[in-house]
Amino acid sequence: MIDQSVLEEVLGVAMRTGGEFAEVFAEDRRNASAVLDDGRVEELTSGRDRGAGIRVVVGDTTGFAHTADLTEAGLIAAAEAAAAAARGGGGGANVVALTRRSASRGYDIETYPGDVPKARKVELLTRADEAARSVGDAISQVSVSYGDNRRRILVANSDGLFVEDDTVRTFFAVSCVATGDTGMQTGRESVGHTIGFELFDMYDIDQLARNAADRALTKLAARPAPSGQMPVVIGSGGGGVLFHEACGHGLEADLVSKGASVFRGRVGQQVASKGVTVVDDGTMAREWGNIAVDDEGNPAQRNVLIEDGVLTDYMWDHLRARKEGRRSSGNGRRQSYQNLPMVRMTNTYLLAGEEDPDSIIASTPKGVYVKHLGGGQVNTATGDFVFGMTEAYLIEDGKVTEPLREGNLIGNGPEVLQRIDALGNDFAMGPPGTCGKDGQGVPVGDGVPTLRVSSLTIGGTAA
Amino acid sequence: MSFDPPDQESADLLALAQSVANTARTGEQVEAFVARSSYTTVRAHGGEVESFTSAVSAGIGVRVVSDHRQGFAWAGTLESDAIADALADARDNATFAEPDEWVGLAEPDGVAPVPFDAFDPSVATMEASRKIDLALELERMVRAGDPRITGVRVATFSDSSSRFAVATSTGIAGAGRGAWCSMSALALAEDGDETYTGGGSTVGFRPDDLDLAEAADDAVLRATRLFGAKPVPSQRVTIILEPRMAATIAGLLGSTLTGERVLKGRSPFGDRVGEAIASPMLTLVDDPTDHRSYAADMFDGEGLACRRNQLVVDGVLRGFLYDSASGRRAGQPSTGSAVRGVSSTPSVGCQALAVAPGAGSFESLLADIDTGVYLQSMTGLHSGVNLVSGDISVGIEGLMVRNGQLAEPVREVTIASTLQRMLLDIVAIGEDVEWLPGGTGCPTIVIADLSLGGS
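If you read the protein sequences in the order shown, they are chains P and X. According to our numbering, the residues represented by the first sequence are 1 to 463, in order. According to our numbering, the residues represented by the second sequence are 1 to 455, in order.
Hint data in this document are derived by calculation from the structure and do not stem from the laboratory. None of these values were measured; they are calculated from a predicted model. Hints may be right or wrong, so weigh each one.
What the hints assert, rightly or not - Pairs of lysine to any residue residues, derived as SDA-like cross-links and limited to a Cα-Cα distance of at most 20 Å, are as follows:
id, chain 1, residue 1, chain 2, residue 2
1, P, Lys323, X, His45
2, X, Lys264, X, Ser201
3, P, Lys118, X, Ala144
4, X, Lys264, P, Val35
5, P, Lys118, X, Thr95
6, P, Lys437, X, Thr95
7, X, Lys264, P, Ser140
8, P, Lys274, P, Lys323
9, P, Lys323, P, Asp159
10, X, Lys264, P, Ala138
11, X, Lys264, P, Ser257
12, P, Lys323, X, Arg91
13, X, Lys264, P, Ala173
14, P, Lys258, X, Asp146
15, P, Lys437, P, Ser257
16, P, Lys258, X, Ala144
17, P, Lys118, X, Leu87
18, X, Lys230, P, Ser454
19, P, Lys258, X, Arg222
20, X, Lys264, P, Glu80
21, P, Lys118, X, Arg91
22, P, Lys437, X, Ser201
23, P, Lys399, P, Lys323
24, P, Lys323, X, Ser201
25, X, Lys264, P, Ser134
26, P, Lys437, X, Thr41
Go ahead and model the full structure; you've got the sequences and the hints to work with.
See the structure below:
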């Protein structure tokens with residue numbers, strides 16, 4: 001994307017005013033998407049974004065500038081702007097020598113989506129639409145979306161690091177509306193992986209569409225969810241967002257170091273029930289949050305955050321790690337070259353236990369079974385978090401019974417982690433997600449086995 | 001339509017957009033939307049500048065319609081080869097869409113734009129050192145606000161100066177500019193083993209509009225008044241929504257009233273025009289020509305003049321918002337409600353919602369509540385709100401209201417209802433309209449009979 005000699009020159013300029021660390025992050029991203037709605041292929045979109053962000057660190061201050069101009073002159077102008085913003089004292093003539101390193105994710109992309117004829121992408125949309133509508137006349141609306149992106153990045157910094165990566169992601173989603181006497185309800189299914197068009201060898205699109213339609217139909221008969229505290233069983237694969245919110249964000253070192261996390265100062269302590277092991281793992285092959293290197297050029301890692309209930313470590317980016325005199329955990333990510341990196345999750349999951357999932361439900365006299373969670377949100381300072389249930393059922397006398405309308409659940413991270421009283425042996429990863437933090441979105445994955453929380457507050461409208 | 005761009009830079013962008021639109025071939029419509037903005041963000045933490053970002057970004061979105069098929073492509077640069085690629089991609093993309101008789105670009109409709117130009121050049125020329133001083137000052141003010149304030153997660157100063165232009169081969173030409181600056185702080189307060197956060201912000205069309213004291217006081221008050229908060233038992237409650245919370249509910253309602261949702265059968269109010277969908281106290285307009293709104297504008301995303309649109313009057317649903325394509329399908333004129341960025345095609349959206357004021361101050365509305373909750377924050381709006389079914393369930397923090405007075409703090413509880421019910425359950429609307437950073441104008445709203453999920 002940019003010659004090594006140009007990068008060395010630009011980093012030299014960035015360091016000249018006394019910078020302690022400088023970095024060039026360049027990105028070239030192509031997006032393609034296609035949308036079917038209301039029975040018609042509405043639109044295909046192509047996008048191209050290319051540019052570089054340059055940061056210069058002096059003391060605790062980071063200067064940052066970005067440009068869409070990748071010529072030497074454009075990069076030097078950005079480097080000078082970043083150096084000026086960092087307000088260095090001056091006096092450094094710094095020579096940077098880069099050592100090229102390779103990034104590997106251990107598997108190959110089989111079919112680059114850019115090589116696939118657009119007509120084939122469009123055909124998938126039509127097929128899914130037909131499959132969803134075939135489920136029943138009550139399916140009143142269907143929208144189907146396809147998306148792929150290829151993101152090439154380059155990171156070079158004043159420590160001599162020089163690495164490039166090439167990431168391909170492919171995504172497909174079906175959303176249905178069912179209309180009945182009780183009003184309208186929705187059902188959605190989505191799949192996404194860090195792979196190419198081979199995504200469609202992994203999934204049966206017709207089945208995916210029928211599942212989305214079934215979910216909307218089922219909810220037509222749904223009754224209002226209860227309101228108040230009761231045991232909640234979370235379904236395998238459907239509920240990883242619980243851990244993303246309940247503890248993931250609170251274990252991001254930038255929030256911890258600012259005193260904005262309930263998990264501050266708790267490394268080495270029992271923060272969750274025994275048997276609970278939570279991992280953030282950027283190396284997970286083909287998963288939505290997979291990265292070969294993070295957006296600071298550090299290799300992805302498998303980081304154990306909580307082991308058998310004990311908090312083992314936080315997640316780190318370059319700046320936070322440097323301050324603590326340790327290594328980054330490979331969690332420095334950014335939405336695009338226009339953003340500064342910060343500590344972010346990758347694929348966050350809870351390891352499987354040993355119980356039979358059916359027996360977990362059977363041993364719950366009264367409660368709620370949440371088969372699929374929606375998104376969530378957390379206040380890391382208090383640990384209070386919410387997450388939505390997009391498919392949920394009542395549990396009565398140890399059996400899954402009536403479907404429930406949508407709503408949020410609310411709990412407190414540190415309390416909920418201690419209330420996990422059953423872990424299934426049926427681990428699965430969930431659908432692709434986008435995690436938002438300080439206005440930046442990045443792709444993340446999550447996964448859980450079937451599990452039970454002995455008490456969570458359900459935000460329904462029934463008594 | 002006669003129209004003069006407000007300055008040379010806008011005129012240059014418009015000329016660029018027109019040069020792309022003029023490449024339309026016979027039987028083809030081409031639209032170009034071009035934008036360029038410069039911005040800075042200063043983040044202060046611990047008495048130091050944590051980061052200082054400055055940048056210029058620009059981009060173009062090209063829409064091509066041919067044989068009633070639409071294709072789109074965009075590029076995050078205005079370099080000529082990238083523009084040529086985007087045009088070619090958009091053309092190619094159009095061939096894969098299925099034809100729709102209603103698809104097409106906007107055409108001049110004779111509605112004259114209401115002149116508006118709040119662009120203050122002092123935003124772009126402000127000294128970097130002053131921006132830094134402001135961010136550091138805001139952090140200092142928050143820290144000094146209360147002995148229990150132990151830190152500020154971040155105090156920011158941001159500014160943006162932007163220009164855009166849109167032109168089509170159907171004769172549309174529009175351009176505009178805007179500038180604003182804003183500051184915000186997130187305070188951390190500790191007492192014993194409890195930590196709370198509270199946010200405050202201030203926004204203006206120019207640096208002198210910023211009110212640091214208001215932002216700091218708000219952040220401190222919100223961070224310090226929740227100590228001792230805990231869940232209360234599940235019950236049915238009345239909620240009192242200060243303007244920024246009420247604006248969120250108004251925004252949810254507005255989202256269900258777009259022609260796009262209605263035509264595609266995704267609005268719970270799609271067949272209710274002329275009916276009472278809300279308390280007679282509620283009147284809601286979407287009006288970007290109201291220059292009190294921070295989202296005031298002359299043109300929508302398709303280059304048509306913005307206009308005042310009545311959505312709900314005295315509780316009765318009056319109509320929906322349309323862009324040109326959804327309007328054609330519905331047999332209605334565009335309401336000038338196309339919203340967009342460079343990287344997306346226009347969609348129908350609310351621009352500057354405003355709830356008409358009612359009667360009574362916040363204090364007098366509060367005094368009328370027997371048992372209720374004053375909401376300080378709502379979480380989980382993206383996961384707990386379904387705008388098709390109307391189901392709403394969110395996590396909240398706030399203060400209980402007992403006998404007309406703010407009482408003990410509450411957290412880790414939910415409130416739930418449906419949008420349809422909440423509108424009918426409005427029992428009071430206050431007299432003071434606050435214009436919020438997002439562009440919405442809203443007074444205090446009181447809503448009865450929601451389910452609170454708690455201990």
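Structure-based check of each hint:
For the hint pairing Lys323/P with His45/X, the CA-to-CA distance comes to about 15 Å; that is within 20 Å, so the pair holds. Our distance criterion of 20 Å between C-alpha atoms is broken by Lys264/X and Ser201/X, whose separation comes to about 38 Å. A hinted pair counts as satisfied when its Cα atoms are at most 20 Å apart, and Lys118/P with Ala144/X does not qualify at roughly 60 Å. Our distance criterion of 20 Å between C-alpha atoms is met by Lys264/X and Val35/P, whose separation comes to about 14 Å.
A threshold of 20 Å between alpha carbons decides the hint, and for Lys118/P with Thr95/X the separation of about 10 Å falls inside it, so the pair holds. A C-alpha spacing of about 38 Å is found between Lys437/P and Thr95/X, which places the hinted pair above 20 Å, so the restraint is violated. Taking the CA atoms of Lys264/X and Ser140/P, the gap is near 9 Å; set against the 20 Å cutoff, the hint holds. Taking the CA atoms of Lys274/P and Lys323/P, the gap is near 32 Å; set against the 20 Å cutoff, the hint is violated.
Between Lys323/P and Asp159/P the alpha-carbon distance is near 15 Å, which keeps this suggested pair within the 20 Å criterion. Between Lys264/X and Ala138/P the alpha-carbon distance is near 14 Å, which keeps this suggested pair within the 20 Å criterion. Restraint check: the Cα-Cα separation between Lys264/X and Ser257/P comes to about 48 Å, which exceeds 20 Å; the hinted pair is violated. Taking the CA atoms of Lys323/P and Arg91/X, the gap is near 51 Å; set against the 20 Å cutoff, the hint is violated.
About 18 Å separates the Cα atoms of Lys264/X and Ala173/P, which keeps this hinted pair within 20 Å; it holds. Our distance criterion of 20 Å between C-alpha atoms is met by Lys258/P and Asp146/X, whose separation comes to about 18 Å. Annotation: proposed proximity of Lys437/P to Ser257/P holds, straight-line Cα distance about 16 Å (limit 20 Å). For the hint pairing Lys258/P with Ala144/X, the CA-to-CA distance comes to about 17 Å; that is within 20 Å, so the pair holds.
At most 20 Å may separate the alpha-carbon atoms for a hinted pair to count; Lys118/P and Leu87/X meet this at roughly 17 Å. Between Lys230/X and Ser454/P the CA atoms are separated by roughly 19 Å; this keeps the pair inside 20 Å, and the hint holds. Distance hint between Lys258/P and Arg222/X is fulfilled; the C-alpha atoms sit about 18 Å from each other, no more than 20 Å. Simply put, Lys264/X and Glu80/P have alpha-carbon atoms about 51 Å apart, too far for the 20 Å limit, and the pair is violated.
Restraint check for Lys118/P and Arg91/X: the C-alpha separation of about 13 Å stays at or below 20 Å, so the hint holds. For the hint linking Lys437/P to Ser201/X, the alpha-carbon distance of about 18 Å falls within 20 Å, and the restraint holds. The hinted pair formed by Lys399/P and Lys323/P fails the criterion: a straight-line CA distance of about 52 Å is larger than 20 Å. Distance check on the hinted pair: Lys323/P and Ser201/X sit about 30 Å apart at the alpha-carbon level, beyond 20 Å; violated.
This hinted pair checks out: Lys264/X and Ser134/P have alpha carbons roughly 18 Å apart, not beyond 20 Å. Distance restraint check for Lys437/P and Thr41/X: the Cα-Cα separation of roughly 16 Å lies within the 20 Å cut-off, and the hinted pair is therefore satisfied.
The structure fails to meet hints 2, 3, 6, 8, 11, 12, 20, 23, 24 from the earlier list, while all remaining hints are met.
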